[in-house]
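> Here is how the chains run, residue by residue.
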Amino acid sequence: MTKVLLIDVAKCYGCQSCVVQCKDEYVDNDWLPYSKAQPDRGQLWMRVAYLERGQYPKVKMHWIPMPCMHCDNPPCLAAATRGAVYKRPDGMVIIDPEKSVGQKELVDSCPYGVIYYDEQKNVPQKCTLCAHLLDTGWKEPRCVKACPTGAITYGEYENLKKTIEEKGAVPMHPEYGAKPRVYYIGLPKTFITGALVDNKTGECLDGVEVTAKDTASGATVITKSDAFGDFWLDGLDAKKTYEVTISKAGKTKTLSVSLDTDKDLGDIQL
Amino acid sequence: MSEEKQTRETTSENTMTRRSMLKWTGALAVAGAVGVGLGYGASELLRPAAHTGEITETETTVTGTAGPLPTEEKRYTNCTTAGPVFAYVKNGRILRVEPLWYTEEEGRRAGLPWKIEAGGKVFSPPLKYPPGIWASAARRWVYDPARGKYPLKRVDWNLGGDRHPENRGKSEYVRISWEEAYDLVAKEIRRIGEKHGRSAILTYNSPHPEWGSLHYFFSDHNRFWNLTGGCSSLTQVPNSWEGWIMGAAFVYGFFWSMGSPNETDVVTDIVQNSEQIVLWATDPLTVGLYAGNQAAPYWTWFKELGKRIVAVNPQLSYTAFFADKWIPVIPGTDAALAAAIAYVWVTEGTYDKQYVDTHTIGFDEKTLPSGAPAKGSFKSYILGEQDGIAKTPEWAEKICGVKAREIKALAREWASKPTCLLALWSGACRAAYDYEWTRMMVTLQAMQGFGKPGVNMWSGRPGAPMDPRQQGLPGYGDGGMNLVANKAYPNPIPQEITDGYIDKAILDPPVRWRGASWAITGGLDGAFIQYEYPMPGMSEVKMIYQRGSSNMHQKADFTTWIRIYQSPKIEFVCVQAPWFESDCTYADVYLPINTPFERNDLSEPGKVGAYAEPLFAGARVAVYQQKCIESLWESKTDMQVYTDLAERLGVKDAFTEGNTEDDWLRKLYAVGKIPLSYEEFKKKGYYLFPFPSDYMQTVYNPQLRWFYHKPEGEGLKTPTGKLEVFSTKLFEYYGFEDLKAGIAAIPKYRQSWEGRYSHPLVDKYPLQLLTPHPRFRQHGKYDQIPWMREIYKVKGPDGYEHEPIYMNPVDAKARGLQDGDIVRVFNGRGQILCGVKLTGKIMPGVVSASYGAWPDFVERGTYGSLDKAGNSNVLTPLRPPEGIQEHSVDQAWNSVLVQVEKWVGKN
Chain A
22 MTKVLLIDVA KCYGCQSCVV QCKDEYVDND WLPYSKAQPD RGQLWMRVAY
72 LERGQYPKVK MHWIPMPCMH CDNPPCLAAA TRGAVYKRPD GMVIIDPEKS
122 VGQKELVDSC PYGVIYYDEQ KNVPQKCTLC AHLLDTGWKE PRCVKACPTG
172 AITYGEYENL KKTIEEKGAV PMHPEYGAKP RVYYIGLPKT FITGALVDNK
222 TGECLDGVEV TAKDTASGAT VITKSDAFGD FWLDGLDAKK TYEVTISKAG
272 KTKTLSVSLD TDKDLGDIQL
Chain B
743 MSEEKQTRET TSENTMTRRS MLKWTGALAV AGAVGVGLGY GASELLRPAA
793 HTGEITETET TVTGTAGPLP TEEKRYTNCT TAGPVFAYVK NGRILRVEPL
843 WYTEEEGRRA GLPWKIEAGG KVFSPPLKYP PGIWASAARR WVYDPARGKY
893 PLKRVDWNLG GDRHPENRGK SEYVRISWEE AYDLVAKEIR RIGEKHGRSA
943 ILTYNSPHPE WGSLHYFFSD HNRFWNLTGG CSSLTQVPNS WEGWIMGAAF
993 VYGFFWSMGS PNETDVVTDI VQNSEQIVLW ATDPLTVGLY AGNQAAPYWT
1043 WFKELGKRIV AVNPQLSYTA FFADKWIPVI PGTDAALAAA IAYVWVTEGT
1093 YDKQYVDTHT IGFDEKTLPS GAPAKGSFKS YILGEQDGIA KTPEWAEKIC
1143 GVKAREIKAL AREWASKPTC LLALWSGACR AAYDYEWTRM MVTLQAMQGF
1193 GKPGVNMWSG RPGAPMDPRQ QGLPGYGDGG MNLVANKAYP NPIPQEITDG
1243 YIDKAILDPP VRWRGASWAI TGGLDGAFIQ YEYPMPGMSE VKMIYQRGSS
1293 NMHQKADFTT WIRIYQSPKI EFVCVQAPWF ESDCTYADVY LPINTPFERN
1343 DLSEPGKVGA YAEPLFAGAR VAVYQQKCIE SLWESKTDMQ VYTDLAERLG
1393 VKDAFTEGNT EDDWLRKLYA VGKIPLSYEE FKKKGYYLFP FPSDYMQTVY
1443 NPQLRWFYHK PEGEGLKTPT GKLEVFSTKL FEYYGFEDLK AGIAAIPKYR
1493 QSWEGRYSHP LVDKYPLQLL TPHPRFRQHG KYDQIPWMRE IYKVKGPDGY
1543 EHEPIYMNPV DAKARGLQDG DIVRVFNGRG QILCGVKLTG KIMPGVVSAS
1593 YGAWPDFVER GTYGSLDKAG NSNVLTPLRP PEGIQEHSVD QAWNSVLVQV
1643 EKWVGKN
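If you read the protein sequences in the order shown, they are chains A and B.
Quick note: the first sequence uses our numbering, first residue 22, plus one each step.
Quick note: the second sequence uses our numbering, first residue 743, plus one each step.
Honestly, the hints are just simulated from the structure, not real lab data.
None of these values were measured; they are calculated from a predicted model.
There may be inaccurate statements among the hints.
Claimed, not checked - Okay, derived cross-link-like pairs now, SDA-like style, lysine to any residue, Cα gap no bigger than 20 Å in a straight line: (1) A:Lys160 with B:Leu869; (2) B:Lys1045 with A:Val30; (3) B:Lys832 with A:Tyr55.
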């Protein structure tokens, strides 16, 4: 019976309701033995990171909700002394507000940057996934309940496992080895975009197939240009070289693109 | 994510690395002082005042997604300007404020949630009400240190002696008792009324005070002033919809509803029939004042159904997160883009020729009204038969900056797919010649058969499935106590001042203008009524009384108000409001008002009144706004203040008619015909309107579908009943083209008086400034709330939180600016400080800074002083310098030129 959060990044438009309703739950409210009150300013137990990809006018916006990852191999727990951090049977990681007094090192122990330090109370603090509510019968943490689009789902891992696998949901930065219990669908990668233009009429070329082939692995991403001639080859990896192939009526144009960040190839005449 | 992306993150909006966050924590002492009213330390927290009324006994059994309440907690229902909420209270203090939700069982009983079937799928809204963001922060603004705690008097305002009007905005305040405050205010009302006549008293209200229908300006404020002899009224220009009221209304009627068509069942029509949504110049998920986020689930449905979403806007809006294509357009040139789309349709024959023949006036020559000049049709204008300029995509490209091939692509997509035009309200309707663009918008939809399945217009908020046979509770605009009193009192004083001419009226009268202000009453002719100030036999204004505050700083060119408040003509200024801010700091007497959590009321979320549809996106609900805590400090309701003043003026009995708050609410509730006793409703706190199981068969009637099917008969509320692309009403008043009047019979692209091509002004101030509705404030309200400030404000090196200004890296580079720099933004009207946010979401040559930050002038209360907080309304024009200026419209919030430079001075 272990819990996870599943966050669909494609449904988050940055309304910040989760952020502010998290504040509402914790600022000036002690929820002992789970947490001491959050100060009025300076801590975001849920924060929504903004990521903008590409350059004007070919930009994509992403908002990524970042609560505590409630890791299964929590670096904070490893860094804590006197049992200041504990992991519950349901998977939640809690900083004990009494035992953790003075343990400022917990802040830097977290690679996700979700632990804060209250200098007044001398205590490290973070998201408790509203354990104080869930333990008394609430079905969801405040942030989940706050979300207008259902971008954040809370539930049993066993129940969400299928969705996680089907949608290819992954934890953020698995390479940290912390084994987070927060899974993300659609974490942004890197794109190549461009606009196809008919070299005779000067008009937008619709429905033209565009392929990106990873020159190292041979893996391909295929898309079609839209009514504006735009194509978006998304889900690519930076620091790789791609062979971009554009095929129209038997004619083929091939470009080699070494990708260090999202790239706009601009107008491409065909 | 890669390291590199994390780096990029840190340079963007609302993100903080751990390091910057820690630094911030250390700077709290500085930041804590920002925006807090005079003399109130943040340490002074809740001190309940004496018992002021009954706290409703509520149902405490809470089931569903929450567990049982701890015995010491109680849950109350309330409603904010941004949506309905539950307030959990313990020991007389609000613990949490949670958006309203309902259980599956409650829903089942009411036939909710409603369902829309489309594309083999079924869509339903969640069983909750995602509110606007400031509803989520309600607990913080209830207990905010900037709450007005006691009645205050300006120290150097002496009733019997020198009143020092020149020090308004500068002087300190002293606490006085309510008795003293009432005596002062009553004495001044009496004295000024007797000496100059009641027209010498100008009253007005915050356009968006706290939520309620009994406790609202249409209720207590209007009743008090009308009953006691009347007053001059400040009427607002149609500040969020003006292009529609002065433009589109002439094409399709709808003059009574602010120039917007009804949006009945539009959501179902879009979900089922529209294949494309053109999101033009608007950001409904941000500016949905009363719904906003509540409409967000729709967008996930649109995506799931594969609808094409195209955003046309100088700025990539938040709603455009869901868009497939962004078409940036140079501010003020939207009408040129629209004209070119029409050109493509005309020349390619891809418009509904039969529809324009039967449903429109003056689209082409054969439907021109008698007396119209030859080549006077819209089609002739588009083809260049009037002015020799064909409105080709190539012509438009040079003006609006959109590539001709993209204009053609957009036009062809639009013509080939039933398209929802999401443009109502919006930013382009708040710009120079905005009425040209709105008329073009309606005309474009007319060309595609406006009213056909999937061809509609939307504002992005209303239009959810509902049962129109359910009357529901009165909206705030229906009059509150005046609606149910035995006797209502009209205002005997006809004198009005439009706020578009407030400076001239107070400082340099007389002044004349045309047109009722915020909506047109009495038909389209209402737009041409001649007003003057002072009216014959009426006094100039000597006293200003305001209910609600957060007013002046959300108006265009608002520093004008400093001069008004400091005018020696104004003998007395009184403001009553919940927070001590904005206009309050210019008052001679300030009276503290409580919040909706401290009094009872009843309402429907987003329900304005009889003249507008209920505004909701999920389930329709009526809410009893249960008082859940005692009034904080010495605050009172507006109604109590007016009752007490009425008593001093000897008219208390007429004001109250012997009713208590509960009596009034009981009477208002009866109007709604809800099949639940008043006591049950009051205790339960909310009522879900049942949804008809046969919605599609019985009540589904989207927008103009009726007109699409039957253009004959009574038709629309235009003189001909048709879609008047050629306005017979404008033709009647101004002829075919009276450029002095500023508006021709047909829509045309006209070059902004302050824009990209306004030489030589643009050479001095080369950036176009957009001043959109704020995302984390309601206009000027809740700017002080740290829970939202820390999401978006830009901190200077001294820790000061500035309003962000969004800028393209190209413009930043040209000025040597970097992300996070503090800059001075200025033009001939004023200067502000902002914090730079670099983004590819905005066109080069365009910057954007929302208005409404609580102004913080370097020299307090001084006209022309630098505003550190960065309220962009320091820079916006009060009225147009040309064109339609005779009408009290066209405040051009988005036609503003500025220069931006790095701020190196000391704050």
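> A separate judgement is required for each hint: does it hold in the structure or not?
Structure-based check of each hint:
1. A:Lys160 with B:Leu869: Holds: A:Lys160 and B:Leu869 sit about 14 Å apart, inside 20 Å.
2. B:Lys1045 with A:Val30: This hinted pair holds, its Cα atoms lying about 14 Å apart.
3. B:Lys832 with A:Tyr55: holds, 19 Å
The earlier numbered hints are all upheld by this structure, with none contradicted.
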